[in-house]
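**Student:** These are the residues of each chain, in order.
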Amino acid sequence: MGRPVAIIGTGQTKHGNRRDVSYPELVREAVKAAFEDSGITPKDIDGVVSGTMPSMMEGIGMTQFYLGDAMAAVGKPILKTETCGSTGMSIAHTAYYWVCSGEADMVLAVGHEKMREGESQAVMSSCFDPFYQKYFTSGAPGIFAMQCQDWATRYNIPEEKVRDAAALLSVINRDNALDNPYAHIKRKVTVEDVKKSPIISYPIRLLDVCPNSDGTCAVIFASEEKAKKIGTKAAWVKGVAYRGEEYNFGDGDKVEWQSAIQCAKQAYEQAGITHPRKELDLVEIYNPFTFQELLIFECFGFSERGKACDDILNGFYNRDGELPCDRSGGVLCTNPIGAAGLIRVAEAAMQVTGKAQDRQVEGARLALSHALGGVMQFNGLMILGSEL
Amino acid sequence: MSKKEYKTFDFELSLPYRLAYGPTWTRFFEGLQEEKIFGTKCHQCNRVLVPARSFCPQCFVDIDDWVQVSNEGTLVTWALISFEFYNQPKKPPYAAGLIKLDGADVSMFHLVDGFDMNDLDKVKETLPIGRRVKAVWSEEKKGHILDIKYFQPI
Amino acid sequence: MTTRVGIVEVAQSVGSESKDNLYEEIYKISKEVLDKAGLSIRDVDTAVSASSDIFTGISCANAYYWDSTAAFLKNGSRQDGESLFSFYYAAMRIMTGHYNTALVVGICRGSEHPETDSLTTLFGDPFSQRPLGLCETVVAAFQMRLYMERYGITEEQCAKVAVKNLGNALRNPYAHRKRRYTVEDILNSQRIADPLTAKQCAPKSDGIVAVLLASEEKTKRLTKKPVWFKGFGCSMDTFSIGDKDLLGGSLRDAASRAYKKADISDPKKEIDLAEVCEPYAFQELLWCEHLGLCDEGEGGKLIDSGRTQIDGDIPVNPSGGVLANNPYISRGLQRLVEVVLQLKGQAGERQVENKMKTAIAHGTTGFAGHCHAVAILGV
Chain A
1216 MGRPVAIIGT GQTKHGNRRD VSYPELVREA VKAAFEDSGI TPKDIDGVVS
1266 GTMPSMMEGI GMTQFYLGDA MAAVGKPILK TETCGSTGMS IAHTAYYWVC
1316 SGEADMVLAV GHEKMREGES QAVMSSCFDP FYQKYFTSGA PGIFAMQCQD
1366 WATRYNIPEE KVRDAAALLS VINRDNALDN PYAHIKRKVT VEDVKKSPII
1416 SYPIRLLDVC PNSDGTCAVI FASEEKAKKI GTKAAWVKGV AYRGEEYNFG
1466 DGDKVEWQSA IQCAKQAYEQ AGITHPRKEL DLVEIYNPFT FQELLIFECF
1516 GFSERGKACD DILNGFYNRD GELPCDRSGG VLCTNPIGAA GLIRVAEAAM
1566 QVTGKAQDRQ VEGARLALSH ALGGVMQFNG LMILGSEL
Chain B
189 MSKKEYKTFD FELSLPYRLA YGPTWTRFFE GLQEEKIFGT KCHQCNRVLV
239 PARSFCPQCF VDIDDWVQVS NEGTLVTWAL ISFEFYNQPK KPPYAAGLIK
289 LDGADVSMFH LVDGFDMNDL DKVKETLPIG RRVKAVWSEE KKGHILDIKY
339 FQPI
Chain C
63 MTTRVGIVEV AQSVGSESKD NLYEEIYKIS KEVLDKAGLS IRDVDTAVSA
113 SSDIFTGISC ANAYYWDSTA AFLKNGSRQD GESLFSFYYA AMRIMTGHYN
163 TALVVGICRG SEHPETDSLT TLFGDPFSQR PLGLCETVVA AFQMRLYMER
213 YGITEEQCAK VAVKNLGNAL RNPYAHRKRR YTVEDILNSQ RIADPLTAKQ
263 CAPKSDGIVA VLLASEEKTK RLTKKPVWFK GFGCSMDTFS IGDKDLLGGS
313 LRDAASRAYK KADISDPKKE IDLAEVCEPY AFQELLWCEH LGLCDEGEGG
363 KLIDSGRTQI DGDIPVNPSG GVLANNPYIS RGLQRLVEVV LQLKGQAGER
413 QVENKMKTAI AHGTTGFAGH CHAVAILGV
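Residue numbers (this note's numbering), protein chains in the order written: chain A, 1216 to 1603; chain B, 189 to 342; chain C, 63 to 441.
Please note that the accuracy of each hint is not assured.
Simulated crosslink set (SDA-like; lysine to any residue; CA at most 25 Å straight-line) [what the hints assert, rightly or not]:
id, chain 1, residue 1, chain 2, residue 2
1, C, 306, B, 250
2, B, 195, C, 256
3, B, 312, C, 373
4, B, 279, C, 81
5, B, 195, C, 265
6, B, 224, A, 1235
7, A, 1229, B, 247
8, A, 1258, C, 318
9, A, 1247, B, 249
10, C, 406, C, 357
11, A, 1522, A, 1405
12, B, 288, A, 1290
13, B, 229, C, 300
14, C, 306, A, 1256
15, C, 81, A, 1533
16, B, 229, A, 1244
17, B, 329, A, 1234
18, B, 195, C, 208
19, B, 322, C, 208
20, A, 1247, C, 188
21, A, 1247, B, 281
22, B, 330, C, 189
23, C, 81, B, 200
24, B, 279, C, 180
25, A, 1229, B, 207
26, C, 306, B, 255
27, A, 1411, A, 1361
28, B, 310, C, 208
29, A, 1247, B, 207
30, C, 306, B, 332
31, B, 322, B, 281
32, B, 337, C, 256
The set of hints was computed from the structure by calculation and includes no laboratory data.
Chain A extracted, bound-state conformation:
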């Protein structure tokens, strides 16, 4: 439906603690890189879509104004998409629909966050409804811990096995980040290091958790006609899906997690995927917490129910395994929230176009990128392929 849409270029900042630059300068660093990568100029762009997590993160209202010049958005049609943690993915979706609808031929998508300028956990606890839930949650780790406990109990997975699998996932991500020039946390750790790191919110420990990062990601989407004319190797959008569920944390089942399950179902249908475990070449999962990613592997059909721990312990998700996960090092190593979902898209695009350098998965042709957000409410996906 609609017309085919391609990604023709991506750009990222060196993510991390970027007190060396102002927020607009940080944004421009990625935008410039995306233009260089695609070989086009700001003049070629028909629209710009941007977003951050909440305005409260950096204390700037409607960031499109302040950052407009840095995004080369002056005089351009703009949109501003914000959907909490999934913002980066929703920005990619906006750019996709904009081109797919025929309303624009080339759209620049920019996700940005300068988390280290605010107090991120305090900001996040301002997310929940201010009357009630705000007081019962302890920022993001609290609710993720609850989901994990529920999952392990439901499938009768021994605590020690969950612990080992999550620790190994942390090690895999951190090893992967060593190959990524843009990654924030680059430190080799062992399974023992993870298991001995301080408890944040049981069972989650420090090395199970993402950092706070400054960073920006920019991605250029183009119509088939434009992509072919420009002639650089393009990543083609094969599936786009998003689902949201109730805001009240207690209303839904976060193990048989409907927003994740149904989102994947829609994306697979669009992409013509029937066996994701076999057909996908790599996945970029939005993984602020190790334990949750294990559950997502199951919700997305990569692993059977209750078996994600076995799969990871058997090397299935390793860089040379059957389905490499988070070859970028994931959100676990780099987390500028408003950019994080778009970084997943950019990394998937780089993989299927063979531009991922030291972290390239050989022969990658079909990649899944993911983001989640809200009070465990939102899951969004974009599946990219090397062929139209």
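Keeping the supplied structure of chain A fixed, place chains B and C upon it in accordance with the hints.
**Tutor:** This is chains B and C only, laid out in the frame that chain A set:
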């Protein structure tokens, strides 16, 4: 505002921030400490932009050609603020305006002060558009925009 | 092939504060628009809302009210800031053929958020503008002074806009502020930021606004009085207010994009009605110029001519406009709702009697029209 008949939840959201100036604005604000106002000049459109920028918003190229502009300039437009809002720089009434400093191609937003503001007609007489103004410096300077205390008609 | 997008039904809250909490009121207005179309949540394919966290006081507010917009297990999204963006994004989603229906909801509660200018200071540069109290009203005063100076527009002409719009609002049951005023009343109200007086500035109002969009085929099945999406344009200006001509701005760009899409070559002749976003009275005149409804510098003559009155040949803001009702974020979408009601002939006592074919809904946010959005609708 009328009070609601049902219960309201009154709260203030106060969050700490620490925003990076980056090298360009660091230099600009350090300049203010020395009573110097800096702009940067775009080598493509040749405009001198004040406050200084690290890139030209129109040409989208890096700029690093520093130019000290005059502490004097002309008033482009102004308003006399008589209403109150949170985080105001001072108690109303006060005037704010856009000032095009000599040597700059764009205007700078700042306060306009140093004259009697109680009579609107007199204010209008004092501040015709195009009025020459000059920076008045604060005694204690912190590398902050209010190191320029205000601009005063000359 | 892209489908034509239709506007099936609209619903809106009144501008004064509601007894319901936000979560419930959004639900009620969303339900109202679905009920009007005879639809249930099952029939909603996608939902796009508009809100801004600094106005709701809740970070990621769309997570909080997701359920209220009939979005449970749907594909949806949110736009921050201009609510006409959410209309455009939802229309785009239908054009792709992925969705047949889309619910658009604009959300803002003036009765709950801080003073509007306390929030608009947060748009400014934190280093060089915010400490000096740069906010929307201050920049509007700058703009008004320039407008009068350059084109000889008088304070009386500006005040006439407020007289017209607040008078029109008397006939609008959804309006927040309404009254029959004289030009003297407007000019003698407090000079809050000279040359602006208090009654030339919009209040802060509540506004939950819902619009149901559908594909061409579905629209024809759901309503006997379809209104069609004809074109949209938006544009954003450079950031620093000192860098630009405050009377230039990006509305001309936005309008020309929308007219091109809608195949309109002479807006003066082809536009039958406009709902213009005028948080400050003089801006209605300036925006009418930039929208091409009159020539440059002729905004004052336009209001003097009476042509923009509700019984004129180009009525502007028959709803009372933003001066009567100013839910900051949803005010653009609220303009669109009024246009739809007028084109459907459902505007009650304020119905324009001219035969109308094409109309404009305009939204703007930021300092002196930093960003503009223009939607063209037709029957």
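**Student:** Would you mind marking each hint as holding or not holding in the structure?
**Tutor:** Status of each hint after checking the structure:
| no. | hint | in the structure |
| --- | --- | --- |
| 1 | C:306 / B:250 | holds (20 Å) |
| 2 | B:195 / C:256 | violated (38 Å) |
| 3 | B:312 / C:373 | violated (38 Å) |
| 4 | B:279 / C:81 | violated (35 Å) |
| 5 | B:195 / C:265 | holds (23 Å) |
| 6 | B:224 / A:1235 | holds (23 Å) |
| 7 | A:1229 / B:247 | holds (24 Å) |
| 8 | A:1258 / C:318 | holds (18 Å) |
| 9 | A:1247 / B:249 | holds (9 Å) |
| 10 | C:406 / C:357 | violated (29 Å) |
| 11 | A:1522 / A:1405 | holds (23 Å) |
| 12 | B:288 / A:1290 | holds (23 Å) |
| 13 | B:229 / C:300 | holds (17 Å) |
| 14 | C:306 / A:1256 | holds (23 Å) |
| 15 | C:81 / A:1533 | violated (56 Å) |
| 16 | B:229 / A:1244 | holds (20 Å) |
| 17 | B:329 / A:1234 | holds (23 Å) |
| 18 | B:195 / C:208 | violated (45 Å) |
| 19 | B:322 / C:208 | holds (21 Å) |
| 20 | A:1247 / C:188 | holds (24 Å) |
| 21 | A:1247 / B:281 | violated (44 Å) |
| 22 | B:330 / C:189 | holds (12 Å) |
| 23 | C:81 / B:200 | holds (21 Å) |
| 24 | B:279 / C:180 | holds (14 Å) |
| 25 | A:1229 / B:207 | holds (18 Å) |
| 26 | C:306 / B:255 | holds (20 Å) |
| 27 | A:1411 / A:1361 | holds (21 Å) |
| 28 | B:310 / C:208 | holds (19 Å) |
| 29 | A:1247 / B:207 | holds (22 Å) |
| 30 | C:306 / B:332 | holds (24 Å) |
| 31 | B:322 / B:281 | holds (20 Å) |
| 32 | B:337 / C:256 | holds (22 Å) |
Taken one by one, the earlier hints fail for this structure at numbers 2, 3, 4, 10, 15, 18, 21, listed in ascending order.
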